[in-house]
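Quick mapping for you: the protein sequence lines, in order, are chains A and B.
Using my numbering, read the first sequence as starting at 58 and increasing by one per residue.
Using my numbering, read the second sequence as starting at 19 and increasing by one per residue.
Among the clues, some could well be false.
[Said to hold, decoys possible] Only some residues are given here: those of chain A computed to face chain B with a beta carbon under 10 Å: (1) E61; (2) Q64; (3) R65; (4) R72; (5) Q172; (6) E396; (7) R400; (8) R401; (9) A402; (10) H408; (11) I411; (12) D481; (13) P482; (14) I483.
[Said to hold, decoys possible] The following residues of chain A were derived to be distant from chain B, with all beta-carbon distances above 10 Å: (15) N76; (16) L111; (17) K115; (18) D143; (19) P197; (20) M335; (21) V366; (22) L367; (23) S374; (24) V419; (25) L442.
Hints are computed from structural coordinates only; laboratory data are not their basis.
Note that beta-carbon positions come from the ideal geometry of N, C-alpha and C, so glycine has one too.
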Amino acid sequence: MNYELLQRTLKMGSRSLWNHRLRSTLTTLGIIFGVSSVIAMLAIGEGASREAQLQIAKLGSTNIIVKTVKPPENQIATGKQNSILDYGLTYDDATRFREVIPNVQVVVPVRRISQQAWYRNRKIGIEVIGTVPWYTEMAPVHVRQGHFLTDIDLRHQQGVCVIDENVVKNLFMFDDPLDQYIKIAGNYYRVIGIVSSFQGIKAGGAFELQPSPAVNTASSIGSVYIPLTAAKARFGEFTFQGGASGGRVEKVELQEITVKVASSDQVLMIRDIIEGIMSRFHKKKDYQIEVPLELLRQAAQTKRIFSIVLGSIAAISLLVGGIGIMNIMLASVSERTREIGVRRALGATRHDIIIQFLSETVLLTLMGGILGIILGSLIPYFVTLFSGMPTAITFISLILAFGISAAVGIAFGLYPAYRAAHMDPIESLRHE
Amino acid sequence: MSSDAAVQPARPIVLMEHLCKSYSFGSSQLPALQEIDLVFEQGQYIAIMGPSGSGKSTLLNLLGCLDKPTSGSYWLGGEDVSKLDDDRLSRIRGQRIGFIFQSYNLIAQLDVIENIEVPMYYQNYPQRRSFRRAVQLAAMVGLSDRLRHRPCELSGGQQQRVAIARALANDPLIILGDEPTGNLDSHSGADILGILDNLHKQGKTLIIVTHDQNVAARAQRVIHLLDGRVEKEVYN
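The task is simple: from the sequences and hints, build the whole structure.
Here is the structure:
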């Protein structure tokens, strides 16, 4: 019986709304915009945040990345034009880390050099990454074919290399790269493995990572991994930084050392230990310590603030939509004063009148909510389509938006319904 | 209702004792009805007449439980309804009183059948039962061929007939009419009065407030009000 009553109430309500189609539509627009903006904005925010967190997580939440940084000019001892500028991380640093830090899982030293790679008669710009076999444990590279560098390669400074998919695509095209030779700076390296490409970090607010020095990402299409020892032997540590007014020679042993610890709880403590080691052995501030975990936390914090701001804006628009509804319902009640009087004379209680008008309002807002959800789900789709920005519609936002629209309907519909119910039937019947 | 009203001992269906109603405007009191003592038996056809300001409307509102008296008591169907709360009064109106208004007061968005169903809707009749009864009542007032019409598609006389059918929906104790022929031409008006006569013959209790002498002529009892009191009663 109750279900039937509900059905008839809703039927009566929708009939009434249908009779005033234009007015109902205009009223719903407020809710539609409110709900869709909540969903769309939260989706855009969520997409951006997930993307950023993904990138940071790839760096590893248990990693600490120590990078070589060119010291500021005032810290360099003034000397002759031709003196060698010696700075940055050293092999000794790597050794110290391995020996001093407790529970360290892996220490990965990295040397980066910009170079050209030749194959047959093709050449491309690449970044040579001299590193150790256990590089794959901390970096998000997956071996697709062949295998990565081995201990033997490292010990014997073998002329072998592992290339990424960009190099394969641009240098080898349709040839099978394995066991082929590429020429870098006059030396030949045999390809022993192919890895997936690692996308660099896109710039974005608080979590932008600094690029390592001596890396010119604009001109390198892909990466070529060779044993660190081979890099040291064949490229040495000296680079010449040229300029219009003469240049200077720089000596850098390693661009980067990544330390991986056992669990993310220890990260901050280990970071302090590393800071201690570095400051003791480096007079100049020629290094920089990055903790992806902290960046992750920052990113989460940023996202939270973002969501609150976006959510507030959307909430305000829902509020405005609700006030619009209340306005319309008050006008509707006023128009139907006589009808209310008649219904009361025919036996309707105050409760019946409240239900009648409240159901109309709830129908309006539910309809607006559903349309808002549809629109709100389409907008992020088109944003991603046209701007490439990732978006992620969360289930929570749908429920949130829908629930709020229902609540808005009931809240803003209650007053007009109450007004309707408490009108004096005699006065109402006398009304024009 | 069969017409054995004459055989059974008549019970008062309406009993008004020392009924008073005054309206307060700030500090002053305006008495609308004073010391009304009336008894209506079941099955009677009663007309209430009087000049404007005599308290006709006030009496009608009290009879219809749309308003409560300032003092005195009003017994409807053996129950004192003068001191009930709003919810109980709404119930009483729905179950025991059938209204017929001068301007019909049908609900414009609903068709004939749905209009007749309204009182049953508020008493939670199951859909099928209320529909069937509405069809019966529509037939009784001669509107079987207009069941799905909206009020705007009906003439005044037809609308008033729907209103009468609606008033009968819950089989009320009394039918209250407020100038039922006031907005109708003489032809339609006569139709309506004919229907009311039939209802009377069937034993229904009719209380009609009117200016119209024709209406008064058809009633058994005519009560004349003047300045909030019963001036005289005329029996036809």
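Evaluated hints:
no.	hint	verdict
1	E61	holds (6 Å)
2	Q64	holds (9 Å)
3	R65	holds (7 Å)
4	R72	holds (6 Å)
5	Q172	violated (82 Å)
6	E396	holds (6 Å)
7	R400	holds (7 Å)
8	R401	holds (7 Å)
9	A402	holds (5 Å)
10	H408	holds (8 Å)
11	I411	violated (12 Å)
12	D481	holds (9 Å)
13	P482	holds (5 Å)
14	I483	holds (5 Å)
15	N76	violated (6 Å)
16	L111	holds (56 Å)
17	K115	holds (62 Å)
18	D143	holds (90 Å)
19	P197	holds (65 Å)
20	M335	holds (81 Å)
21	V366	holds (45 Å)
22	L367	holds (41 Å)
23	S374	holds (32 Å)
24	V419	holds (19 Å)
25	L442	holds (44 Å)
Hint compliance for this structure: hints 5, 11, 15 are broken, all remaining hints hold.
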